[in-house]
Amino acid sequence: MTQQNSSQSGTFEPRILAFLCNWCSYAGADLAGVSRLQYPPNVRVIRLPCSGRVDVGFILRALQSGIDGVLVSGCHPGDCHYQTGNYTARRRLTVLRSILEHVGIEPGRVQFSWVSASEGNKFSEVMTTLAESIKALGPAKRMVKKL
Amino acid sequence: MSVDQLRIIPRKDLPQWLDQMLSSFTVVAPTPQADYTNFKVITSGDQVDLESVNTRMSPKHLFFPKTERLFGFTTDRQQVDLDGQREDIPPRVLFGLRPCDARAVTMLDQVFDTDIFRDTSYVVRRQATTIVTLACNRLAASCFCTRLGSNPADTVGSDVIIVELPDNRLAIQPLTSKGQDLLKTADLPVSATAPDIEAFAQAIHTAQNADSTEPIDPDQLARKLTTIYESDFWDHDHQRCLACGTCTYLCPTCHCFDIADEAKDTTGQRVRNWDSCMFGLFTLHASGHNPRPVQKHRLRQRIMHKFCYTIDRYNQAFCVGCGRCVSRCPVNIDLREILNQLEDYQGG
Amino acid sequence: MMSPVEQKLQTVAADLLSTEKVDLVIAYERGTAGIGVRPAFICDPANTDRLVYNPLCGHNLSVYLHRHKDKKVAIVAKPCDTRSLVGLIQERQIERDSLTILAVPCEGVIDPTRLEALAPAEKTRSLAIENDQLIIETDNGQQHTPLKDLLSPGCCTCTITEPVISDQLLGTSNRQPCKTDEFAQIKVLAEKTSQDRWEDFCAEMSKCITCFACRNACPACYCTTCFVDASGPKWLGKTDDLSDVQIFHITRMVHMAGRCTGCGACLRACPMGVNLQKYTGKIRLDAREFFDFEAGDDPEVKPPLSTYSESDPNEFFM
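Chains as they are written, first to last, in the numbering used here: chain H, 1 to 147; chain R, 148 to 495; chain S, 496 to 813.
Just chain H, with the same shape it has in the complex (with noise of 0.2 angstroms):
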């Protein structure tokens, strides 16, 4: 990721990462791109087996680097494909989501979603909402590493 975090016109074009989970959201991506949906092109995904894989380092390793933008997003509750893992994930992410707050990372800096793999749709919209709040943000400047 050695783009620079704006444009040649000037605007500010954040740099966001997505963690999908394999069976849902990945494949929602999936089903996206093949039905020719449109979303900004400012995400980068990485694909996990599982929301639940997500530890919290991976998210405040990728703040720390200057990500301006944070995605997690599993199957919908109840459609884990290992049973339960999006449901430990979501205690994990809601705690760490409130400490971000506390600590005052801006809210919205990491955002969550649930998208099964049928809504490439809602895919599409979800990319399109995050990278607008994120450019309403601006760039992150908070936790990120200087040396």
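Hints were generated in silico from the structure; no laboratory data involved. Treat the hints loosely; a few may be bogus.
In silico DSS-like cross-links for lysine-lysine, where the CA-CA straight-line distance does not exceed 30 angstroms [as the list claims (entries may be wrong)]:
#1 R:Lys187 - H:Lys141
#2 H:Lys146 - S:Lys567
#3 R:Lys443 - S:Lys567
Just so you know, these numbers come straight off a predicted model, no measurement behind them.
Take the given structure of chain H and dock chains R and S to it, following the hints.
Below, chains R and S without anything else, positioned relative to chain H:
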């Protein structure tokens, strides 16, 4: 340096002198932070707080920062470009050190600035710095510099020493040419009268004799430590040690470090971070083997390093008795007690 | 003069050791600084006369249990410390059967920083505790200060007056639960803007020297390899860059969620006076609000991050 260089100023004029200093130097001095003081760059003479005996952190980070960039690198995957550019250190005055901390700097010199190896980052910082020491007129409860063969008016490592006279005046004595140069930049007339010189000598004498505890015998201690390495001497204190890095991080002479690459994409920097022998990771091998697997070994290492290995190598115990580890250890691991026990220990 | 609790502690400890019911007693003994105390590890019944118990006994001794898993241990525990023991039993870190809990009454423990500020050791001739008063003798005479003015921050809002679990009660206390809101400073922060909270966080974190005393003093931080020390992959840089310091604390807080009992061991251990309560308080409040969970209440219940409920908060998911 002879006492005819002695300057006397009223204590209330100290901020003024510091302000004068600020026009030609960066000045680093103890400033209040929470309920303690720490060395910070000051912008005005009245920010200095000389009331507490010791700052919470020792001044070693001014010569040996917690994180030091050694060099930067970039690569295009074909070749690597190195960028050895170092931080520029302007001439600076380290003001208000206590004699123990000034003495500790001479110990760091022996590690980082030797005939066979000169650590550029360290030497640059050291050379840019003039050390102005304030002799102690009282001891903190955890002070034990006398035990280490020093005293509250020790001049080792100082370029200038300041001694408080009883009548709210300060006697300022240059000790090195660096110190003389510093005093030349200030509007401080040499005005000491015969009674002033007498008062100065008296104040030094009082400070030097403020604590009558017997100094340790470094050689004897080092010899003893080599013989009791495997003894039951080490079986007790480690039990309560939490294995945090407080003692080593606050210590003015502890100087262990770890080198790491902080890299992202195709660029990065090699940095040197403080490390601590109290941490298990400190000695962990890549194979997974750890030659110091438990806290007993690590606490022993700290004592061995300070009171045996450095005596063998530098002819000096690497402890100045500042008392920071004693007062901040969360579980009261007290070097003074360990030294007493060592002297009394008959087993082995 | 020895207090009744101290007397009983010494007798009970000697008895447990000499009858070989336990191999080790973890308690407190007098330290080297003034009236200060420190953790003591006694294996010989003859040494039990070293044991003390007074309002300076702040250390949460349960942190040491991990090192003695192979032994039968008796441990002195204040009411709040017993909550840490519950956590350790809950997480299967200690065997309840090999542990003898000697529950001591607590009226709140003295904060070493407050004590130092009131009676700097170099200006103090002697210190003594009599009933609920601290008696300070200086060159200028005697001064009496009520102990309640010197309590640790956590003790000023403490609601835990009874041990949750115990094997022997070494005394009882009449202490009433405090009515002051322990989460007051969290609520103040919550009212602020995100920017202000961030600045506050930066100011607090810039005091930290990453000596890891908070982690090491914490009974719930028992991982054999902490994420801080992991090197493959490396989760955290060890630099003094503020982001490294912040990520250490944020990650630790997430790991503490539903596990922190608010014992204050981290606060007491910190050499730099970092107010970690601002963050430990938040995760305790969160555990309560999101998962209706109070750490240290019940050894049989699963900690909240080891389980889930279908009705957990879901509104922040798009």
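We went through each hint and held it up to the structure:
1. R:Lys187 - H:Lys141: holds (26 angstroms)
2. H:Lys146 - S:Lys567: violated (50 angstroms)
3. R:Lys443 - S:Lys567: Roughly 21 angstroms between the alpha carbons, so the hint for lysine 443 (chain R) and lysine 567 (chain S) holds.
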